[in-house]
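Peer 1: Given next are the chains, with one letter for each unit.
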Amino acid sequence: MDIVVCLKQTFDTEAKIVLNSNGKIDGTGVNLIMNPYDEFAVEEALKLKEKFGGQVTLVSMGGERVTESLRTALAMGCDEAVLIQDPDLESPDEWVTAEVLAKAVSKIPYDIILAGRIAVDDGSGQVAIRLADALKIPSVNCIIKLEVEDGKAAATREIDGGTELIEVRLPAVLTAQKGLNIPRYPSMMGIMKAKKKEIKGMTLADLGIGAADLPRKMSITKFSLPSPRKGGIKISGEAADAAKELARILREEAKVI
Amino acid sequence: MAKGIWIVIEQNKAEIRNVSLELLSQGRMLADKTGDPLVAVILGSTVSKLAGIVTPYGADKVILVDDENLADYTTGAYTSVLNKLIRKEEPQAVLLGNTAVGKDLAPRLAQRLGVGMASDCTGMEFDEESFLTFRRPIYGGKAFAQVIANARPVLATIRPNTFPIALPDTARQAEVINETAEIDSEDLRAIVKEIVLAASQRPELIEANVIISGGRGMKGSENYCILESCADVIGAAVGASRAAVDAGWIEQKFQVGQTGKTVSPTLYIACGISGAIQHLAGMGTSKVIVAINKDPEANIFNLADYGIVGDLFEIVPLLTEEFKKLG
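In the order they appear, the protein sequences are chains U and E. Per numbering that gives the first Met the number 0, the first sequence starts with residue 0, numbered consecutively. Per numbering that gives the first Met the number 0, the second sequence starts with residue 0, numbered consecutively.
Simulated from the structure, these hints should not be mistaken for lab results. Worth double-checking, as some hints may not be accurate.
Said to hold, decoys possible - Short, incomplete list of chain U residues facing chain E, as computed with Cβ under 8 Å:
{"#": "1", "residue": "Arg70"}
{"#": "2", "residue": "Ala133"}
{"#": "3", "residue": "Ala153"}
{"#": "4", "residue": "Gly230"}
Unchecked claim - In silico DSS-like cross-links for lysine-lysine, where the CA-CA straight-line distance does not exceed 30 Å:
{"#": "5", "chain 1": "U", "residue 1": "Lys233", "chain 2": "U", "residue 2": "Lys243"}
{"#": "6", "chain 1": "U", "residue 1": "Lys23", "chain 2": "E", "residue 2": "Lys286"}
{"#": "7", "chain 1": "E", "residue 1": "Lys2", "chain 2": "U", "residue 2": "Lys135"}
Unchecked claim - Covered stretches of chain U, going by a simulated chain E footprint (3 or more residues, C-beta under 8 Å):
{"#": "8", "stretch": "8-15"}
{"#": "9", "stretch": "22-33"}
{"#": "10", "stretch": "114-128"}
{"#": "11", "stretch": "234-242"}
All C-beta atoms, glycine included, are put in the ideal place defined by N, C-alpha and C.
In isolation and in its complexed conformation, chain U is listed as follows (with noise of 0.2 Å):
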């Protein structure tokens, strides 16, 4: 069984966020970390190949600094990585993201394809969904639990109020959501092998796309940041007294209960 992961890499989730003068997020000294929801998939990868056998492959495309994320991907046990990176992605948006993967993804061997169901950047939650239409096969989003068997994929999804779980024929896109697994830790062996895995360097030219095929179909026309909560009334007292004081306040004058 053969299976790609697209991996991005995200701020730290700690990361506080500023703007630069030219009004842009502003990434220095920024930690960077394998987004968190990318553990789940490249978790789920490795214990389908832990099953079934076959390659695992990363596939993320960013700046020379992924390669951190990849090799801790491949420290986990993943068996190689395609970083593409080209001067033409600056500013991709999430069409552009899956046209070059679902190029990228056609050329390597899969059945299933995993990635988070989330990058907490850019919080958009649309690449993989979009790179499964890309390449024509079904998607299942937000999954909590995964069966494989002979071709198909049982896998249970996070909906509204409750659970569903859909049975898809193989190839498919798999998206991971918090609960799926639980990520291991990369072993003092497996970063050993890492080192001596391939990140294999693709740019747009080795995928056969040309800067005018990717016209961007969204534009953020501005950053901001939230106006900065104040802290508010500390209501005092016994217990008791401080417990319909807030129950008043909040009938009579927030008026939100």
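Mind docking chain E on chain U? Use the hints.
Peer 2: Quick look at chain E alone, frame taken from chain U:
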């Protein structure tokens, strides 16, 4: 020229989701500015009577697609039908709720149409050239991006509870159009084997008007009943911080924060939650925030509108009693 603002109505067993009514209400205001018709699009099985339910919220036209294959939501069938309708009618914008369905359907549909999409928006307006622009939280709400599509149509999912529901105008009339479902066979490849809905009568977390959430201070799974009793008095949903979920006290689906659900209720009551930056990312847009925490230095007090420094095991039951008295 592209025309029309479409709202894809989400219904479950003929019950319409609140977010769909929120979108119709806001869509009406937008449509009035440009003269675009506001169109409600309903997919499902035996849904014809829903036209009369959505019309009072502002629809000029209702497109009904009634088909057995659309009874349960599936990515493929819904994408297939909407793709064809949108290509035929060329609306300028198609809006969905940022729900489990919207999050799954909109990206697939956008790719099929080869168009842009704005996810999980918390604001939308027309620019000078009558293009819709969207405001959307990024980095889990630690920043916002204003985005615009470079071509029409544009798709967007809007966060529930972002816009108020307008008062229904029962005198309103809308043109109702029945379309047949044309589903490509390759879009029928996924099979829904089973749907399990939780037995809870509490509102869905992402749509709840009031949420009472517990964190590390809850000390154990057995204590969530304190929050549940309170929630049931005020019709609230129960939430949790990552610390409580990772400790195994409560299921992951209740987690609010950057790696959980993003919520925007009218009232958010944080109990025993310190206020880590990742948690604030998930609930910072709540209209009123209340904090109950033993630690007077807890970060949550820096943004709570009202706070009580005290033991939640003492305060919350007292508060529940006070809410009961208010009726």
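Peer 1: Each hint needs a verdict: does it hold in this structure or not?
Peer 2: Okay, the hints, checked on the actual structure:
no., hint, result
1, Arg70, "23 Å, violated"
2, Ala133, "6 Å, holds"
3, Ala153, "7 Å, holds"
4, Gly230, "5 Å, holds"
5, Lys233(U) - Lys243(U), "14 Å, holds"
6, Lys23(U) - Lys286(E), "27 Å, holds"
7, Lys2(E) - Lys135(U), "29 Å, holds"
8, 8-15, "holds (count 5)"
9, 22-33, "violated (count 1)"
10, 114-128, "holds (count 9)"
11, 234-242, "holds (count 6)"
Against the hints set out earlier in the document, violations occur for numbers 1, 9.
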